[in-house]
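Visitor: Line order of the protein sequences matches chains Y and H.
If you want our numbering, it's the 1-based position in the first sequence plus 2.
If you want our numbering, it's the 1-based position in the second sequence plus 4.
It cannot be assumed that every hint is accurate.
[Stated by the list, open to error] Okay, the calculated beta carbon distance ranges per label pair:
#1 Y:D219 with H:F258: 20 to 28 Å
#2 Y:S69 with H:A18: 55 to 63 Å
#3 H:A67 with Y:A226: 49 to 57 Å
#4 H:Y105 with Y:S81: 33 to 41 Å
#5 Y:F126 with H:L39: 34 to 42 Å
#6 H:W171 with Y:D282: 49 to 57 Å
[Stated by the list, open to error] Per the computed footprint, the stretches of chain H lying under chain Y, defined by three or more beta-carbons under 8 Å from a beta-carbon of chain Y, are:
#7 100 to 106
#8 117 to 130
#9 135 to 147
[Stated by the list, open to error] To list a few chain Y residues with every Cβ distance to chain H over 12 Å, as calculated:
#10 V71
#11 D93
#12 Q102
#13 N109
#14 Q113
#15 S114
#16 T116
#17 A117
#18 G119
#19 T120
#20 W122
#21 Q130
#22 A145
#23 G186
#24 H270
Source of the hints: derived by calculation from the structure; they are not laboratory data.
Please read these numbers as outputs of a predicted model, since none were measured by experiment.
All C-beta atoms in this analysis are idealised placements derived from N, C-alpha and C, irrespective of residue type, glycine included.
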Amino acid sequence: MAELAPSDGYPAAGSGDSVLATLEQAATPPLVRRWLDNLVPVLIVLVILIAVWYASSAYFNLQNLDSLVVPPPGWQKLSLLEKIHRSLTTDQPLVPTPNQTFSDFFNDLKQSPTADGTLWSDIFWTGQVAVLGFLLGSVIGIALALLFLSSRILAQALMPYVVASQTVPIIALVPPLIVTIGLGIRSEILVSAYLAFFSITISTYKGLQSVEPLAFDLMRSYAASRRQIFTKLRLPASLPFMFTGLKIGVTASLIGAVVAELSSGSSHGLGQRLVTTTTDGLYIPLWSTIVATACVGLILYGALVALEKALVRQRVEATA
Amino acid sequence: MSERVNPLPLMLRALPPVVVFVLILLIWEFAIRPLGVPEYSLPTPSKIVQTIPTIGELTHDAAYTALQEALPGFLLGSALGFLFAIAATFIRIVAKGIMPYAVVSNSIPIIAMAPVAIAVFGSDWQSKVAIVTVITFFPMLVNAYRGLISVDPLSLQLMRSYAAGGWTTFFKLRLPASLPYVFNGLKINTTLAMIGAIIGEYFGSPAYGLGFYIHYQGGESGHTPELWSAVTIACAIGITAYMVVVILERLLTFWHISYRSGR
Numbered sequence: 003m004a005e006l007a008p009s010d011g012y013p014a015a016g017s018g019d020s021v022l023a024t025l026e027q028a029a030t031p032p033l034v035r036r037w038l039d040n041l042v043p044v045l046i047v048l049v050i051l052i053a054v055w056y057a058s059s060a061y062f063n064l065q066n067l068d069s070l071v072v073p074p075p076g077w078q079k080l081s082l083l084e085k086i087h088r089s090l091t092t093d094q095p096l097v098p099t100p101n102q103t104f105s106d107f108f109n110d111l112k113q114s115p116t117a118d119g120t121l122w123s124d125i126f127w128t129g130q131v132a133v134l135g136f137l138l139g140s141v142i143g144i145a146l147a148l149l150f151l152s153s154r155i156l157a158q159a160l161m162p163y164v165v166a167s168q169t170v171p172i173i174a175l176v177p178p179l180i181v182t183i184g185l186g187i188r189s190e191i192l193v194s195a196y197l198a199f200f201s202i203t204i205s206t207y208k209g210l211q212s213v214e215p216l217a218f219d220l221m222r223s224y225a226a227s228r229r230q231i232f233t234k235l236r237l238p239a240s241l242p243f244m245f246t247g248l249k250i251g252v253t254a255s256l257i258g259a260v261v262a263e264l265s266s267g268s269s270h271g272l273g274q275r276l277v278t279t280t281t282d283g284l285y286i287p288l289w290s291t292i293v294a295t296a297c298v299g300l301i302l303y304g305a306l307v308a309l310e311k312a313l314v315r316q317r318v319e320a321t322a
Numbered sequence: 005m006s007e008r009v010n011p012l013p014l015m016l017r018a019l020p021p022v023v024v025f026v027l028i029l030l031i032w033e034f035a036i037r038p039l040g041v042p043e044y045s046l047p048t049p050s051k052i053v054q055t056i057p058t059i060g061e062l063t064h065d066a067a068y069t070a071l072q073e074a075l076p077g078f079l080l081g082s083a084l085g086f087l088f089a090i091a092a093t094f095i096r097i098v099a100k101g102i103m104p105y106a107v108v109s110n111s112i113p114i115i116a117m118a119p120v121a122i123a124v125f126g127s128d129w130q131s132k133v134a135i136v137t138v139i140t141f142f143p144m145l146v147n148a149y150r151g152l153i154s155v156d157p158l159s160l161q162l163m164r165s166y167a168a169g170g171w172t173t174f175f176k177l178r179l180p181a182s183l184p185y186v187f188n189g190l191k192i193n194t195t196l197a198m199i200g201a202i203i204g205e206y207f208g209s210p211a212y213g214l215g216f217y218i219h220y221q222g223g224e225s226g227h228t229p230e231l232w233s234a235v236t237i238a239c240a241i242g243i244t245a246y247m248v249v250v251i252l253e254r255l256l257t258f259w260h261i262s263y264r265s266g267r
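Work the whole structure out from these sequences, hints included.
Guide: Structural data, given as C-alpha cells:
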C-alpha cells in the first residue's frame, strides 16, 4: 500500500483510515488539473477548427481570385505562396479568415449598445424574440406532452399533427401568419415558438413514459396518489429527456427568430443583418453576424445547462 | 416472444387521427370563407387538391429536393453524428473536446450558413446536402451520446463479470440502450432535413426544386393555391419520412419501456 501513496505533499500513510484518505486525495486531482483536463481537449479541437478555417479561406479565395474574369494586376506571375498570401489578406474574400472575422466582430461590439442599427441593437432584438419564443414554445410543448399523457386517444389523434405541423417549411407559413396577426415582434415570437415546441413535446412525452413499471408498482404499494406518482416519479424521470428537448428547442427558437426576420420585413435583428450583408456581398460582416448569432445561442444554451444541473442534482439528492 | 399486433386494435388506433383530420378539413373547407379569411391568404382544401395535379413540374421538384438534397444530407449528417457519439463514448478526450462545440455550432442558424454554403459549393444540390448534413449532425450527436452513456453501471459490471470484451459490451449493451435516444434524434432529423433543403433553395438553386418553387410562388401575388400545393407536398414527404423512422423504431426497440404494456 505504501508505494501507492504519493511521496510529497501528502501525509504519510499510517493507519488504514489515513491510507484510504490518502488514496481518495490522490484520486481527486487538484482543481487546476481538473480545469486543464477539461480545457486541453477543447483547445486542441479549437486549433484544428481554426486551421481548417484558414485552409478553406485560402482554398476558396484562391479559387475565387483565379476564376475572376479580370484578375488582380500581375496575378498570373505570382508564385503559389504569394497567391495564398493574397487569398488570406484580400479585403473582398469569399470566405473571410478568422482574424478578419473577429476583428470586424469586436470593432462592432465597441459601438454604443444603445445606438440604433448597431450589432448590439440587433443582438438585443433577436435575443428578446428568441427568449420569448422559447418560453412560449416550452409552455406549449410541455402542456401538449402532459395532454398526450393524460389521454391516449388525444395522443394518437394529435401526435401526427404535431409532426405534420413541423414539416411545413417555416418561411411558407410566415406570410399567412403576418396577414393574420400583423407585422412586427408578435409574429416573430410565434414563428420562434412554433419551431421550438416540437422537440420539447416529443422528448417530454417520451420521458414521461420512460418510467420503470416496477417503480409504479412500488408507488402503488405505498398507496401514493396520482398526484404524488406524477410529481415524485414521472416528472423527475422525464427530466433528462425533457432537457434534451429543451436544449434542441432553445436553439430552434433562435433559428425561428432569425428566420422570421427574413420574411417579416423587420428592420431590426440578426436575421435582417444576414440578408443585407449577403445581398451586398459583404462576407466579412456576414461572418461576424454569424459569430454574434452563435454567441446568443451559446448564452441561451448555457442558461439551460445551468438549470438542468440545478434540477437534476436536486433529484439525485432526493433519492440518495 | 414478440406480441402479434391484432388488426382490430390497429384500426381503432388509426381512428382518432382520422377523425381529427376529417374535422379539420371540414372546418377549413366550409368555415374559413364565412369567417372572412380571404382566398389570397388561405385557399380551401378542395382548391389545393384540384391544383396539385395541374402543376406538372411538382413531381420532379419534390423528388429532387427530397431524394437528392434532403435524403443524402440526412443520412450523412445522422451517420457522422452517430460515429462522433461512439468516438466520444469511448475516448474521453473526444467527448471533452467536441461536446462544447456541439453547442456552438448547433447555435448557428442554418439560414446563416446557407449563403456561405452556396457561395462555396455552388447553387446545385451539393450546397443543400452540406447544409442538411450540418443541421442534422448535432441532434444525432447529442441524442446518441446521451443514449450510449445512459447504460446502467450495474449492467456494465455484469458484462465485465461475464468477461465480455469491449465490442461485445458495445453491441449487446450500449448500442441497444442507445436506440431509443438515437430514434429520437432521427425523428427530429427527418423534419430538419426537409426544412434545411427547402430553405437552402431560397438562397440559390438551379431554378427547380420544391423550395425554389415555394419561394417563387410566394413572391407572386394571387398564387396561393400553387404555394399551398407545394407546401402540402412538402408536408406529405416529411410525414412519410417520419413514418418510416417510426416503423423502424417499432421493429428495433419493441423491448423499450415506453412500448411495454401497463404504463
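Visitor: Run every hint past the structure and note whether it holds.
Guide: Results of checking the hints against the structure:
Separation of Y:D219 from H:F258 is about 22 Å and conforms to the stated range, judged on CB atoms against 20 to 28 Å. Taking 55 to 63 Å as the suggested C-beta distance range, the pair Y:S69 and H:A18 conforms, at roughly 56 Å. In this structure the hint that H:A67 and Y:A226 lie 49 to 57 Å apart at CB holds, the actual value being about 54 Å. The hinted window of 33 to 41 Å between H:Y105 and Y:S81 holds, with their beta carbons roughly 36 Å apart.
For Y:F126 and H:L39, the Cβ-Cβ distance of about 37 Å falls inside the hinted range of 34 to 42 Å, so the restraint holds. Restraint check, H:W171 to Y:D282: a C-beta distance of roughly 54 Å satisfies the suggested window 49 to 57 Å. Closer than 8 Å: that is the beta-carbon criterion, and the region 100 to 106 of chain H has 5 residues meeting it against chain Y, so the requirement of 3 holds. Counting residues of the region 117 to 130 of chain H whose CB lies closer than 8 Å to any CB of chain Y gives 5, which reaches the minimum of 3, so the coverage claim holds.
Under a criterion of three residues with beta carbons nearer than 8 Å to beta carbons of chain Y, the stated coverage of the region 135 to 147 of chain H is upheld, 3 such residues being counted. With a closest Cβ-Cβ approach of about 17 Å to chain H, Y:V71 is found to remain outside the 12 Å limit, as its non-interface label requires. A cut-off of 12 Å between C-beta atoms confirms that Y:D93 is not in contact with chain H; the least separation is 16 Å. Look at Y:Q102: its CB is around 14 Å from the nearest CB on chain H, clear of 12 Å, so calling it non-interface holds up.
Consistency note on Y:N109: stated as away from chain H, and its beta-carbon is indeed over 12 Å from all of that chain's, at 19 Å minimum. Remark: the non-interface label on Y:Q113 is consistent with the geometry, its nearest Cβ contact in chain H lying 21 Å away (cut-off 12 Å). Residue placement check: Y:S114 keeps its beta carbon more than 12 Å from all beta carbons of chain H (closest about 25 Å). Every CB of chain H is more than 12 Å from the CB of Y:T116 (nearest about 25 Å), matching its label as outside the interface.
At roughly 23 Å, the least C-beta separation between Y:A117 and chain H is larger than 12 Å, which holds for a residue marked as non-interface. The Cβ of Y:G119 lies farther than 12 Å from every Cβ of chain H, with a closest approach of about 19 Å, so its non-interface assignment holds. Every C-beta of chain H lies more than 12 Å from that of Y:T120, the closest at about 19 Å, which supports listing it as non-interface. At roughly 18 Å, the least C-beta separation between Y:W122 and chain H is larger than 12 Å, which holds for a residue marked as non-interface.
Every CB of chain H lies more than 12 Å from the CB of Y:Q130, the least distance being 16 Å, so the non-interface label holds. In this structure Y:A145 is separated from chain H by more than 12 Å, as the shortest Cβ-Cβ distance comes to about 18 Å. At roughly 17 Å from the closest C-beta of chain H, the C-beta of Y:G186 stays outside 12 Å, upholding its exclusion from the interface. Every Cβ of chain H is farther than 12 Å from the Cβ of Y:H270; the closest lies at roughly 16 Å, confirming the non-interface assignment.
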